[in-house]
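Enquirer: One letter stands for each residue in the lines below.
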Amino acid sequence: MSTQTTTFTIPDMHCESCPKVIKISLEELPGISAVNADLATKNVTVIYDPSKVTTAQMSTVIKENGYTPQTS
Amino acid sequence: MTPTVSIDSHPQCYYNRSMKPNQPLVESTFYVQGMHCASCEILIEKRLIKQNSVVMVDAQLSKNIITVKHQKGDIITPSFLNKMFADDGYQFSYNAFKKSKYISANATCALPQDNTSTFFIAALIIIGFLLLNKTGLTTLVSVNTNSSLPLFLVFGLLAGFSSCAALVGGIVLSVSKQWVSRYGNTDSTLTKLQPHFLFNTGRVLGFILFGAILGYVGTFFKLSPLFTASLIVLISIVMVVLGLQMLGIRSLAQFQIRLPKSLTVGLADESNFKGRLAPFFMGALTFFLPCGFTITAQTLALASGNPISGALIMGGFALGTIPGLLAVGYSSVKLHSNPNTSAKFSSIAGYLVLFLALYNINNQLTVLGLPNVSFLFATTAATQVAAADLPPIVNGKQVIKMQASANGFTPNNFKIRAGVPVSWQITATANAGCASSIVANGILPDRLDLAPNVPVTKEFIASNTGNYRFSCGMGMYTGSFNVVN
Numbered sequence: 001m002s003t004q005t006t007t008f009t010i011p012d013m014h015c016e017s018c019p020k021v022i023k024i025s026l027e028e029l030p031g032i033s034a035v036n037a038d039l040a041t042k043n044v045t046v047i048y049d050p051s052k053v054t055t056a057q058m059s060t061v062i063k064e065n066g067y068t069p070q071t072s
Numbered sequence: 073m074t075p076t077v078s079i080d081s082h083p084q085c086y087y088n089r090s091m092k093p094n095q096p097l098v099e100s101t102f103y104v105q106g107m108h109c110a111s112c113e114i115l116i117e118k119r120l121i122k123q124n125s126v127v128m129v130d131a132q133l134s135k136n137i138i139t140v141k142h143q144k145g146d147i148i149t150p151s152f153l154n155k156m157f158a159d160d161g162y163q164f165s166y167n168a169f170k171k172s173k174y175i176s177a178n179a180t181c182a183l184p185q186d187n188t189s190t191f192f193i194a195a196l197i198i199i200g201f202l203l204l205n206k207t208g209l210t211t212l213v214s215v216n217t218n219s220s221l222p223l224f225l226v227f228g229l230l231a232g233f234s235s236c237a238a239l240v241g242g243i244v245l246s247v248s249k250q251w252v253s254r255y256g257n258t259d260s261t262l263t264k265l266q267p268h269f270l271f272n273t274g275r276v277l278g279f280i281l282f283g284a285i286l287g288y289v290g291t292f293f294k295l296s297p298l299f300t301a302s303l304i305v306l307i308s309i310v311m312v313v314l315g316l317q318m319l320g321i322r323s324l325a326q327f328q329i330r331l332p333k334s335l336t337v338g339l340a341d342e343s344n345f346k347g348r349l350a351p352f353f354m355g356a357l358t359f360f361l362p363c364g365f366t367i368t369a370q371t372l373a374l375a376s377g378n379p380i381s382g383a384l385i386m387g388g389f390a391l392g393t394i395p396g397l398l399a400v401g402y403s404s405v406k407l408h409s410n411p412n413t414s415a416k417f418s419s420i421a422g423y424l425v426l427f428l429a430l431y432n433i434n435n436q437l438t439v440l441g442l443p444n445v446s447f448l449f450a451t452t453a454a455t456q457v458a459a460a461d462l463p464p465i466v467n468g469k470q471v472i473k474m475q476a477s478a479n480g481f482t483p484n485n486f487k488i489r490a491g492v493p494v495s496w497q498i499t500a501t502a503n504a505g506c507a508s509s510i511v512a513n514g515i516l517p518d519r520l521d522l523a524p525n526v527p528v529t530k531e532f533i534a535s536n537t538g539n540y541r542f543s544c545g546m547g548m549y550t551g552s553f554n555v556v557n
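Sequence order for the protein chains is A and B.
Taken in order, the first sequence gives residues 1 to 72; the numbers are from the working numbering.
Taken in order, the second sequence gives residues 73 to 557; the numbers are from the working numbering.
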């Protein structure tokens, strides 16, 4: 299984609950092996298996929780 | 064998669809302490629904309760929940928590709360600020071209606590919440102060650089009154938005990122500058925000005609303003990081930022000669020339004399003849502060900057009768010409 890493910048993470929500939500997707959400840098780094999940799906999940992800 | 409830019937709630409902279900309601925004609702719901025995979770921020449908005789109890969410800072109980024990850590999702007390605290600070300005703090220190560097430090020190606090301090206050939010709660106060250190470093270095250029090129930095006034009004409008956000006006929360981006000026918002160096550049650019003291220092740097003196004067001045500005930064960092004081501080700061923004806008309206409410703020002890007294005519010119001091202009109300040249002789005292720069729309084409104790004579002809207002560069002091036939 080859993994890839992608980073989303989510400027509207505004409190400590936000990174936790995003982490929990992303981890529910298949093929996600690690999520690191950092409130200070507003960056969310995801290690995933591209054969099981796409960045578009991650983006959708983030948006469903009310955040606006920007891929960088 | 999934529960029969359809997810569509309760779109707000979370359902555990994989659970086997082989036991009777009960619904429990818990009071929650520590929820402060929609993310908290989601977080609690998502965590809880992963419990095998939980069928449905509904967290309600507005009521501070969660409703859980779970298997009877289950472990879903307050103590279980408290343990589960200990790291997240939520507390659960069967009974309601005492009110306002927890105050939101984030003003954009803060619920409206005890607003009267915070309003009064803000009002007290505002009254103190106005009194400080009216008593003429500037009279304590006077500077001129021969002043030594330490004197400029003291001059800056005063500025940092008075008129410059209104503009630059207000900007610092309005962005400090965004700066703080970049850091985690576990970061030390010193770490969180980093943007403020950067801001002040940038300010000092910017002042040194621009001061040197000022001493060298002279009038290059003399921006038109219209430009600087518009700049301040723009920044103040951004400050109004930020101030309202601090007061927890939810509908404005979304403007946090969008609005400033549409403003090319955007000095008051760091999102225009990428990365953590932003405060540095913001600090440097505050050179162009004319508060009375800054203008005095700039005028003297200009008069020095020497890049090194210019740099030293401006650098010394900026160094002096650091304590005042850092005090604003320190208190905001300290109070924002404590959940118990954060919301209260946000409200107080919100009122202050709103007031300062409106104060600045009003002053700039004065500068622009537009209708305003300056009578509330300006020292308008009108030292009017007796109504019948038109100025004497010397060599075909009406001669009027005016003194600009820390208390404003004396006299500040002149009666002049239309169509007859006026010789306006102005002397600034050594400590005139803001009054040492004069903006007279319709009378003088440019801002007139006065050097201390150097009389300046401006000649003009008022061809139309009517009332012409003039003010100092920051709009704090005003005066007028009554032009008669």
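Hints should not be assumed to be uniformly reliable.
To be verified - Below are the SDA-like pairs computed for lysine to any residue, each with C-alpha atoms no more than 20 angstroms apart in a straight line:
(1) B:Lys122 to A:Ala40
(2) A:Lys23 to A:Val53
(3) B:Lys406 to A:Ala40
(4) A:Lys20 to B:Leu133
Unchecked claim - If you anchor each label on the Cβ, the simulated ranges turn out as follows:
(5) A:Glu27 to B:Pro150: 44 to 54 angstroms
(6) B:Asn167 to A:Thr60: 37 to 47 angstroms
(7) A:Asp38 to B:Gln132: 40 to 50 angstroms
To be verified - Taking beta-carbon pairs under 7 angstroms as the criterion, some of the chain B residues facing chain A (in silico):
(8) Ser111
(9) Cys112
(10) Ile114
(11) Lys118
(12) Phe192
(13) Ile193
In short, the hints are calculated from the structure, not lab data.
Just so we're clear, the structure is a prediction, and the values are computed from it rather than from any experiment.
Beta carbons are placed, not taken as given, at the ideal position from N, Cα and C, and that holds for glycine.
Enquirer: Work down the list of hints and note, for each, if the structure agrees.
Expert: Here is how each hint holds up against the structure:
{"no.": "1", "hint": "B:Lys122 to A:Ala40", "verdict": "violated (28 angstroms)"}
{"no.": "2", "hint": "A:Lys23 to A:Val53", "verdict": "holds (15 angstroms)"}
{"no.": "3", "hint": "B:Lys406 to A:Ala40", "verdict": "holds (17 angstroms)"}
{"no.": "4", "hint": "A:Lys20 to B:Leu133", "verdict": "holds (17 angstroms)"}
{"no.": "5", "hint": "A:Glu27 to B:Pro150: 44 to 54 angstroms", "verdict": "violated (27 angstroms)"}
{"no.": "6", "hint": "B:Asn167 to A:Thr60: 37 to 47 angstroms", "verdict": "holds (40 angstroms)"}
{"no.": "7", "hint": "A:Asp38 to B:Gln132: 40 to 50 angstroms", "verdict": "violated (29 angstroms)"}
{"no.": "8", "hint": "Ser111", "verdict": "holds (4 angstroms)"}
{"no.": "9", "hint": "Cys112", "verdict": "holds (5 angstroms)"}
{"no.": "10", "hint": "Ile114", "verdict": "holds (5 angstroms)"}
{"no.": "11", "hint": "Lys118", "verdict": "holds (5 angstroms)"}
{"no.": "12", "hint": "Phe192", "verdict": "violated (28 angstroms)"}
{"no.": "13", "hint": "Ile193", "verdict": "violated (24 angstroms)"}
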